[in-house]
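S.K.: The chain contents come next:
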Amino acid sequence: MHVDGTEKKWVILSFLMAFAMMGILAAYAINYNIRPPSNVETIDSNALHLTEEFGEDNLGLKVKQDGSVVVTMVAARYGFYPQNMKVPSDTPITFRIASADVLHGVHTAGTNMNTMVVPGYISELTTTFPHVGKFPMFCNEYCGLGHDYMWSRLIVVPKDQFKLPAPQGGAQ
Amino acid sequence: MDASASRLPLANIWIAFITFALAALMGLYQVAERSGLFPKIEIIELYFRSVSSHGVIMGFVLTTFFIMGFGYWVASSSLKIPLWGGKGLGWLGFFISLSGTAMAAIMLFTGKASIMYTFYPPLKAHPLFYIGATLLVVGSWVWCLQMVMTMNAWKKQNPGAPVPLAMYGMTANAILWFITSLGVASEVIFQLIPWSLGWIETVDVGLARTLFSWTLHAIVYFWLIPAYIAFYTLVPKAAGGKLFSDEFSRISILMLLIFSVPIGMHHLYVDPMQSAGWKFVHMIGTFMVAVPTLITGFTVIASMEVAGRLRGGKGLFGWIKALNWSNPMVLAGGLSLLMLTIGGWGGLVNASYSLDVAVHNTQWITGHFHLIFAGTTVIMYFAIAYYIWPSLTGKPLFSRKMALLQLWLWFIGMLVLTLPWHILGLIGQPRRIGVPPYSAEFTAPWEPYLILMFSGGVILFISALLLIINLLFSHFKRKSSEKPVMEYAQALHPSLKMPALLNGFGFWTAVIAVYMVASYGYPILQFFLMETHGTFPWSI
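Each protein sequence line maps, in turn, to chains V and G. Count the first sequence with the numbering used here and you get residues 1 to 172, in order. Count the second sequence with the numbering used here and you get residues 1001 to 1540, in order.
One should not assume that every hint holds.
What the hints assert, rightly or not - Pairs of lysine to aspartate or glutamate residues, derived as DMTMM-like cross-links and limited to a Cα-Cα distance of at most 25 Å, are as follows:
(1) G:K1497 <-> V:D90
(2) G:K1242 <-> V:D4
(3) G:K1401 <-> G:E1487
(4) G:K1497 <-> V:E7
(5) G:K1155 <-> G:E1487
(6) G:K1080 <-> G:E1482
(7) V:K62 <-> V:E52
(8) V:K159 <-> V:D66
(9) V:K64 <-> V:E52
(10) G:K1321 <-> V:E7
(11) V:K134 <-> V:D160
(12) G:K1395 <-> G:E1482
(13) G:K1401 <-> G:E1482
(14) V:K86 <-> G:E1441
(15) V:K134 <-> G:E1441
(16) V:K159 <-> G:E1441
(17) V:K8 <-> G:E1042
(18) G:K1314 <-> V:E7
(19) V:K9 <-> G:E1305
(20) V:K9 <-> V:E41
(21) G:K1087 <-> G:E1487
(22) V:K64 <-> V:D160
(23) V:K159 <-> V:E52
(24) V:K86 <-> V:E124
(25) G:K1242 <-> G:E1487
(26) G:K1156 <-> G:E1482
(27) V:K163 <-> V:D44
(28) G:K1112 <-> G:E1045
(29) G:K1112 <-> G:E1042
(30) V:K62 <-> V:E41
(31) V:K86 <-> V:E56
(32) G:K1242 <-> V:D66
(33) V:K134 <-> G:E1305
(34) V:K62 <-> V:E7
(35) G:K1314 <-> V:D4
Hints were generated in silico from the structure; no laboratory data involved.
With the sequences and hints as input, model every part of the structure.
M.R.: Written as structure tokens, this is what we have:
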């Protein structure tokens, strides 16, 4: 077997590059808890309206007893409910989203909020919005012929101008 | 090649390119629709029908048939022994795949399967679509078996001799395709077909997506390995040089084989039903699979440098100028590597566990895989077709100049199409949309890139037409020529003996099996351990 000297160096360098990239991602995951949204939690999407959490009256922004801010949303052909959500800036916000029908996705373009919404499962992600303004919230997964019409807005309001509702319920 | 032996590869490759031409026309319609320049053709039902057909044809039909045809050609021209199981078995596989393709195509073209190339349950297509797609894959399993068994037969006749590199790569690809197609096959056979026929009421979408992810990444290596085979064995030959390293080419192929299958969950980074830990495990493998591509880049560029210096090229970069760029195989090799470099860099972004949320399901992704697949890979399919056409048809190529123009147009068109797509993705445009009624405050910045995208699509369509015209005119030309003897590039340091591990697949197949169980075992098993809720079928 013949191995050229330069080639050997390149192979070692290739491995080092791969390890360096893995290392950087691992460091961010461990030190800053930057992970993709992953939440193995099931729900019966066929009976979403019968669950307490995703019942129509309970959707939207809430503050839990422990002070955490949770936004509950439903993705259904062809919209996100509630529409035109308002959230405070610089506040960690946990989104919990369920689909009432087929596969959807939510991408708030220009932010880190991007998750699939899979029927039968609850999507959960926590993020903070440092920039104030109106952001588009697109359905980014083909969900049927009306897919193009499925979008909403996320309005990020300066933290000091946003009045959080009173805490309710127990910490979940 | 004698005429009867060349019919099987020719039939496969013609099916590949005829369907490619159809799908290219759909691509042209899609960029026109999406550009917003032609309101009259904005028919959303037609658009999604077109996107689904374009994806299935380019991803499953063009690739499978082309690779089968190229595989039969490589087996007979490199091993020079009869095909295991005979040509009859090859034709059986061909007709199974063809009938499946016809079935699926009828459903796609009549709008009964507008569910994208990724199937997307709980959207439900006509059962014949799923059955047709399954038959396409089942037919290709016959090919897989023939590749593996023909290589084994050759090894028995030539004990201890290194298997020719082209065939070694092709057999690796057959094994890779068989292993990776098991994921989508189990999704379709156990979930989608019975569900679409009404035998079972619901499907677990989480499980379906996990099974599909098993196929979804390695399938792109099934498409890519034939291009790598051309890089290693045909490009250096056409350039008048030698392969820099036979051993490292084999190591790259083996690494692709091992690391490409158990990493599919990077397609599920933002899916809720898999936990972050498993995604992390798959991320590690995803970066490992970048290594063989980096090695390939080195081997191919070094081989081309050898050729350039043999042709009298001097200095650090002089050898590049000295290469014979008017040879379609050399030109395609160079252009393909350029696209691989840009596309591979984008791929590292997608592979990044945390960075992926910035681009997931945006037009960036469409840009990425068009650059890597339609660009890097398919341009090599063109070059391979030009290269082997005279030996398959017994006629010289109709026009070499047209071939060169076609390759340049494909390269330019692909960049004009995909670079704007990357930018569109970064500024938020989702993939798989028509002309959405989003507020202009969000879509105004997209406009210039949409025009560029449309121009890229037009250039690509012209290039696709030139390919078909050239191949057709060559094939049906009156004048026949002496069939050229096809040769592959020799290694700079040819090995008379190859370590057994670099000359067979038994051990590596076992390694893959263990790695697969480790990385996909629990993520699949979990659906049977927890209480899940299936989903009823939905129409589009």
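S.K.: Go through the numbered hints given earlier and state which of them the structure violates, listing their numbers in rising order.
M.R.: Numbers 1, 17, 20, 23, 26, 27, 32, 33, 34, in rising order.
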